[in-house]
Amino acid sequence: MSDTASTIRVENLTFAYHRDPALRDVSFTLEQDAVGLLGPNGSGKTTLLRALLGQVAVQPGQVRVGELDMARQAPEGRRLMGWMPERGGIIPGHSGVGLVSYMGELSGMPRQDAMQRAHEVLHFVGLKDERYRPCDTYSQGMRQRLKLACALVHDPQWLLLDEPTSGLDPGGRVDMLELVNDLAGRKGLGVILSTHLLADVEATCNEILVLREGQLLERQPVSPTVVGGRQVFEIAGFGGEEAFVNGLRDLAEVVEQDGRHITAVIDLDSLPDGDDVPMARAVMALLELARTCDYAPRRLRRRPITLADEFYSLVNPEGV
Amino acid sequence: MPVHERGYTHWNPSGARVDPPWLVIARRGLAAPMKRRWPLLLLFAAWVPAIVKGVIVFVRAKAGELMDLAVGGDWTSISPAGFLSFIEGQRFFVFLVTVILGAALVAADRRENGLSLYFSRPISLLDYLGGKVLVVMAGYAAVTLAPSLLLCLFGYLVEPSAASLDLLLLTPLRLLAMTAFVGAGLSLVLLALSSMGTRTVLVVVWWAVLCLAGDAIGNIGDGIGLDSFQYVNFMGHWHNAVSLIMSSEARLPVPPAVSLVLCLALMAGALLVLRNRIKPVEVVV
Amino acid sequence: MIGAAPVRLEAHEVGKWFGEVVAVGSCSLQVGSGVVGLLGQNGAGKTTLFKLLAGLITPSRGEVMLDGLPLRDHVGLFRRVGFCPESDALPGWLTGREFLRMLVRLSGVDGAKVTGRVDDLLERFSLTDAANRRLGGYSKGMRQKLKLAQALAHDPDVLFMDEPLNGMDPVSRHHAIGAIRQLGEEGRTVLVSSHILPEVEEMTRRIILIHRSKVLAEGDVTEIRDLIPEHPTVVALRCTNPRRLAALLVQQDHVMGVECEGDDRVVVRTEHALAFYRALPGWLLDAGLPVDEIHTVDDDLASVFNYLTGD
Numbered sequence: 001m002s003d004t005a006s007t008i009r010v011e012n013l014t015f016a017y018h019r020d021p022a023l024r025d026v027s028f029t030l031e032q033d034a035v036g037l038l039g040p041n042g043s044g045k046t047t048l049l050r051a052l053l054g055q056v057a058v059q060p061g062q063v064r065v066g067e068l069d070m071a072r073q074a075p076e077g078r079r080l081m082g083w084m085p086e087r088g089g090i091i092p093g094h095s096g097v098g099l100v101s102y103m104g105e106l107s108g109m110p111r112q113d114a115m116q117r118a119h120e121v122l123h124f125v126g127l128k129d130e131r132y133r134p135c136d137t138y139s140q141g142m143r144q145r146l147k148l149a150c151a152l153v154h155d156p157q158w159l160l161l162d163e164p165t166s167g168l169d170p171g172g173r174v175d176m177l178e179l180v181n182d183l184a185g186r187k188g189l190g191v192i193l194s195t196h197l198l199a200d201v202e203a204t205c206n207e208i209l210v211l212r213e214g215q216l217l218e219r220q221p222v223s224p225t226v227v228g229g230r231q232v233f234e235i236a237g238f239g240g241e242e243a244f245v246n247g248l249r250d251l252a253e254v255v256e257q258d259g260r261h262i263t264a265v266i267d268l269d270s271l272p273d274g275d276d277v278p279m280a281r282a283v284m285a286l287l288e289l290a291r292t293c294d295y296a297p298r299r300l301r302r303r304p305i306t307l308a309d310e311f312y313s314l315v316n317p318e319g320v
Numbered sequence: 001m002p003v004h005e006r007g008y009t010h011w012n013p014s015g016a017r018v019d020p021p022w023l024v025i026a027r028r029g030l031a032a033p034m035k036r037r038w039p040l041l042l043l044f045a046a047w048v049p050a051i052v053k054g055v056i057v058f059v060r061a062k063a064g065e066l067m068d069l070a071v072g073g074d075w076t077s078i079s080p081a082g083f084l085s086f087i088e089g090q091r092f093f094v095f096l097v098t099v100i101l102g103a104a105l106v107a108a109d110r111r112e113n114g115l116s117l118y119f120s121r122p123i124s125l126l127d128y129l130g131g132k133v134l135v136v137m138a139g140y141a142a143v144t145l146a147p148s149l150l151l152c153l154f155g156y157l158v159e160p161s162a163a164s165l166d167l168l169l170l171t172p173l174r175l176l177a178m179t180a181f182v183g184a185g186l187s188l189v190l191l192a193l194s195s196m197g198t199r200t201v202l203v204v205v206w207w208a209v210l211c212l213a214g215d216a217i218g219n220i221g222d223g224i225g226l227d228s229f230q231y232v233n234f235m236g237h238w239h240n241a242v243s244l245i246m247s248s249e250a251r252l253p254v255p256p257a258v259s260l261v262l263c264l265a266l267m268a269g270a271l272l273v274l275r276n277r278i279k280p281v282e283v284v285v
Numbered sequence: 001m002i003g004a005a006p007v008r009l010e011a012h013e014v015g016k017w018f019g020e021v022v023a024v025g026s027c028s029l030q031v032g033s034g035v036v037g038l039l040g041q042n043g044a045g046k047t048t049l050f051k052l053l054a055g056l057i058t059p060s061r062g063e064v065m066l067d068g069l070p071l072r073d074h075v076g077l078f079r080r081v082g083f084c085p086e087s088d089a090l091p092g093w094l095t096g097r098e099f100l101r102m103l104v105r106l107s108g109v110d111g112a113k114v115t116g117r118v119d120d121l122l123e124r125f126s127l128t129d130a131a132n133r134r135l136g137g138y139s140k141g142m143r144q145k146l147k148l149a150q151a152l153a154h155d156p157d158v159l160f161m162d163e164p165l166n167g168m169d170p171v172s173r174h175h176a177i178g179a180i181r182q183l184g185e186e187g188r189t190v191l192v193s194s195h196i197l198p199e200v201e202e203m204t205r206r207i208i209l210i211h212r213s214k215v216l217a218e219g220d221v222t223e224i225r226d227l228i229p230e231h232p233t234v235v236a237l238r239c240t241n242p243r244r245l246a247a248l249l250v251q252q253d254h255v256m257g258v259e260c261e262g263d264d265r266v267v268v269r270t271e272h273a274l275a276f277y278r279a280l281p282g283w284l285l286d287a288g289l290p291v292d293e294i295h296t297v298d299d300d301l302a303s304v305f306n307y308l309t310g311d
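Quick note, the sequences are listed as chains A, B and C, same order. Taking my numbering, the leading residue of the first sequence gets 1, the next gets one more, and so forth. Taking my numbering, the leading residue of the second sequence gets 1, the next gets one more, and so forth. Taking my numbering, the leading residue of the third sequence gets 1, the next gets one more, and so forth.
The hints are simulated quantities; they were obtained by calculation from the structure and are not laboratory data. Small disclaimer: the values here were computed from a predicted structure and weren't measured. Don't take every hint at face value.
As the list claims (entries may be wrong) - Heads up, simulated DSBU-like pairs for lysine-lysine below, C-alpha to C-alpha not over 35 Å straight-line: (1) A:Lys187 to B:Lys35; (2) C:Lys214 to C:Lys113; (3) A:Lys128 to C:Lys113; (4) C:Lys214 to A:Lys128; (5) A:Lys128 to C:Lys51; (6) C:Lys51 to B:Lys279; (7) A:Lys187 to A:Lys128.
Said to hold, decoys possible - Some chain A residues close to chain C (C-beta under 7 Å, calculated; not the full set): (8) Leu217; (9) Pro221; (10) Ala285.
Don't be surprised by glycine CBs; every beta carbon is placed ideally from N, CA and C.
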C-alpha cells in the first residue's frame with residue numbers, strides 16, 4: 001500500500017510527560033477520511049493531536065504525513081494541517097479577516113493570497129460583515145466559524161477539529177456539522193474530529209478511533225450493516241396501542257413502554273423463513289400486527305444509536 | 001466552466017513572494033498601533049527633544065565660542081557621550097512607546113489560547129520571539145536611534161570638517177551597537193513581563209515601576225547620599241552598561257561592568273521566562 | 001402545565017429587561033414533576049429565563065413561585081432547590097469528599113447521616129475513587145460530575161441544571177443522562193437547559209422552547225409537532241425497491257408528494273398524518289411491498305426546534 005501525499009501514518013507512538021505515559025504504542029494509518037477520535041478525559045487524545053502537529057517529540061515511534069516525518073520536518077507537515085482548538089483559539093485585537101489572513105501568512109502564503117483566500121473561506125463558513133469587526137466581540141457561533149476559517153485558509157489536506165460544536169446552539173451545531181461534512185465528503189479533505197458527542201461523530205464520520213489510557217483500543221466503521229441477531233425496535237403510533245403491545249409480546253423477547261413510545265427487542269433469527277431479508281420480515285410482521293389491532297405506526301425502526309452501544313461496550317464503564 | 005464552484009475552493013498559489021514568519025509577526029505587531037492616531041502623535045512628540053537639540057547644535061555652530069558652555073552641557077553635545085545623555089533623556093518616551101507596542105504583545109496571544117494557533121503553523125519559537133522583539137526594538141529605535149542618526153548627519157552638515165567625520169561613521173556605529181543591545185534587552189524584559197499573565201494592565205504597571213520608579217528611587221538615593229539606591233535603577237543600568245561603547249563616564253555610581261553583568265543576566269532570565277511561558281500548546285487533561 | 005401533577009414551579013407573567021434590552025418578555029409557566037428541557041437559540045432569553053426560574057435574578061415584573069410561595073421572598077425555599085451551574089468555580093484546595101461533606105452539613109443533614117449521604121452521592125456519580133483528591137486536580141468531566149453531586153447534596157425537590165453534561169466523555173454522558181432521568185422518575189422537578197438536542201431527547205419528551213424572549217412552545221414534543229400546521233408531515237420509508245413503493249404511494253389519498261432519495265429511501269409528504277399512518281400498513285401488506293423502516297423524519301426534537309425557530 002503506497003502512501004499518497006496526505007496519508008497519515010502513525011507507528012508505535014509512545015510519549016510520556018515526566019514518566020506519565022500519555023501515549024503507549026499507538027499505531028494506525030489514515031487515508032483521506034472522516035475519522036472520529038473518542039476517549040475519556042486523559043486518554044491521550046490531545047497528546048495525539050499534538051503529535052500529529054509535530055509539537056511533541058515522540059520517542060520511540062514515528063508520525064508521518066505523506067513523506068514528511070513530523071519529528072524532523074514539522075514546518076512542512078504543518079502546512080498540510082488545519083487545527084481548530086476547543087478553548088479560545090482567537091487573538092484579540094484583530095478583525096475576523098485580519099486574523100484569518102494573518103494565519104494564512106504565517107502558514108507561508110504571500111500577503112495578497114492570504115487576504116484573498118481569507119475572504120473566500122470566511123464566505124464559506126458563513127461570516128459576512130462581521131468579518132470586519134474585532135473578533136473579541138464575536139458570539140460563540142461566530143467564533144467557532146472563525147476558528148474553522150483559520151484552519152482552512154492555507155488549504156490544508158487534514159483538518160484536526162477539537163470539539164467544533166462546543167457552545168453552539170442547535171442551529172449552529174447543524175451548520176457546523178454540515179460544513180464539516182461538505183469538506184470531508186465533497187472537497188476531499190481528511191478530517192479528524194475529537195469530541196465527546198457521539199451524535200456529532202455519527203453525523204460526520206466514517207470511522208472511529210477509540211483511545212483509552214494512552215492506548216488505541218479500537219478502530220472501526222461507524223455504521224456496521226445489520227444482518228441478523230437481536231435487534232432493538234423503536235415503535236410509536238396512535239390507535240389500538242394496548243392490543244398492539246399485547247400482540248407484540250408474542251413476537252418480541254422484551255417489550256417496554258414509555259408513554260406512547262414502545263421499545264421491543266426482536267430476535268431476527270427466530271422469525272419464520274421467508275423471501276425477504278430478516279429486517280424486512282420483522283417489519284412486515286409488525287405491520288401485520290398493527291393492521292390487525294388498528295394501530296397506526298408513525299415510527300417503526302431499528303434503534304439507530306448503535307455507535308453508542310458499541311462504544312460503551314469498548315470502554316469499560318467501571319474504569320472511567 | 002461557465003458556473004464556477006461557489007463553495008469551498010482550493011488555493012491556487014500566485015507565486016508571489018512569501019515573507020518569513022518573523023517578518024509577518026513584526027509587521028502585524030507594528031501595524032495595529034499605527035492605525036490609531038495617538039501613537040503617531042506620541043512619535044511626533046518624542047522627536048521634539050531631538051529637534052530642540054538640533055536647533056541648539058545649529059545655533060552653537062553658527063554663534064561660535066559664545067554659546068559654547070552656556071546651554072545644556074552634555075545633552076546638547078554631539079559627541080558619543082552627548083548622544084548617550086540625549087537618549088537617557090528620552091527615557092519617558094521610551095517607556096511610553098515600548099509599553100504601547102509591547103505590553104499586550106504576548107499577553108493578548110495568551111488570553112484566548114492564541115498561542116496554539118501560532119504553533120500549529122510552520123513557525124518556530126525563534127520566529128515568534130524574533131518577530132515580537134523586533135516590534136519593540138523598532139519602537140525603541142524610532143525614538144532613540146533614528147533621531148540620533150539624523151542629528152549626526154545634521155551635525156556634520158552644519159559644521160563639516162575632518163574632525164566631525166566621526167559623525168558619519170564611528171558615532172553612528174556606536175549608536176547602532178548601543179541601541180541594539182539596550183533595545184534587545186528592554187524588549188526581552190518587557191516581553192517576558194507580557195508573557196507572565198494575560199492582562200495588559202498589570203504589564204503596564206510593572207513596566208512603569210521598572211522604568212520610572214527605579215529612576216526615581218535612584219534619585220532619592222542621590223538626594224540623601226545613599227549610592228546603593230541606584231542599584232534599583234533598571235533603566236540606568238542599561239545606559240551604564242553601554243557607557244563604555246559611548247566613551248562616556250559611568251551613568252550610575254556603579255561600575256559599568258557590574259551593570260553589564262546585571263543586564264546580561266536580565267536578558268538571560270527573560271529568555272528563560274519566555275521559553276517557559278510560550279509553550280507551543282497548552283496541555284488539556 | 002408541563003410535567004406530572006402537582007405543580008411545583010410557577011411563573012406568573014415574568015419578564016426581565018436590562019435597560020432597553022428585553023431579555024424575557026411576559027412569560028407564564030407551570031411546571032410539575034419530571035424532567036423538562038429548556039431550549040432556545042443563543043440570545044433568545046434562555047439563560048435569563050433559566051436564572052429567573054431558579055431565583056438567581058429578580059424579575060422586572062411578575063413573580064416566580066415555588067409551591068405557591070414567591071421564590072425571592074422566602075429564602076428558606078432555596079433549601080428545596082438544587083442548582084448545577086455552567087460555570088466552573090470550585091474550591092481547588094478541597095478534596096471532593098471534603099467539599100460534599102461541607103455542603104451536606106450546611107444543608108442541615110444530621111451529623112450521623114452526613115457520611116452516608118456523601119458516600120451515596122460519590123457513588124452515584126462514580127467519584128468514589130477520586131474522592132480524596134483535591135478538586136484542583138480534577139478533569140473537566142469529573143468537575144462536572146461533582147457539580148451534579150453537589151446539586152443533590154440537600155436532596156432538593158427542584159433541580160436546575162445548565163448544560164449538565166459539559167465536558168463529559170461519552171460514557172459519563174450516558175450515565176449522567178440515566179441519572180437525570182431517574183431523578184425525574186423519583187418525582188423531582190428537573191429543569192435542564194441545553195443546546196445538545198439529541199441528549200435532551202434522551203432525557204425527556206417535555207420541553208419549553210423560548211424564542212425571541214417569549215415562550216414559543218411548551219409540552220410534549222410530539223404534541224407540539226402536531227400543532228405546527230405550515231409543515232406537512234414528512235415520512236421516510238426505507239426499502240429495497242423505492243421506485244415501486246413510490247409508484248404505489250403516489251396514487252393513494254392523503255399523499256401530497258413522493259420523492260425517491262438515494263437508492264433505498266422514499267420520502268412522503270402528507271397533510272393528513274393520522275389517516276396516512278392508519279392506512280399505510282394496509283397499503284404495504286396488500287401490495288406485498290416490504291419496507292425496512294418507517295420513520296417520521298421531522299417529529300424529533302431537532303426538527304421541531306428548527307421549524308419553530310427557523311422562519
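Okay, the hints, checked on the actual structure:
no. : hint                 : in the structure
1   : A:Lys187 to B:Lys35  : violated, 38 Å
2   : C:Lys214 to C:Lys113 : violated, 44 Å
3   : A:Lys128 to C:Lys113 : violated, 59 Å
4   : C:Lys214 to A:Lys128 : holds, 28 Å
5   : A:Lys128 to C:Lys51  : holds, 32 Å
6   : C:Lys51 to B:Lys279  : violated, 39 Å
7   : A:Lys187 to A:Lys128 : holds, 22 Å
8   : Leu217               : violated, 12 Å
9   : Pro221               : violated, 17 Å
10  : Ala285               : violated, 10 Å
Consistency with the previously given hints fails for numbers 1, 2, 3, 6, 8, 9, 10, ordered from lowest to highest.
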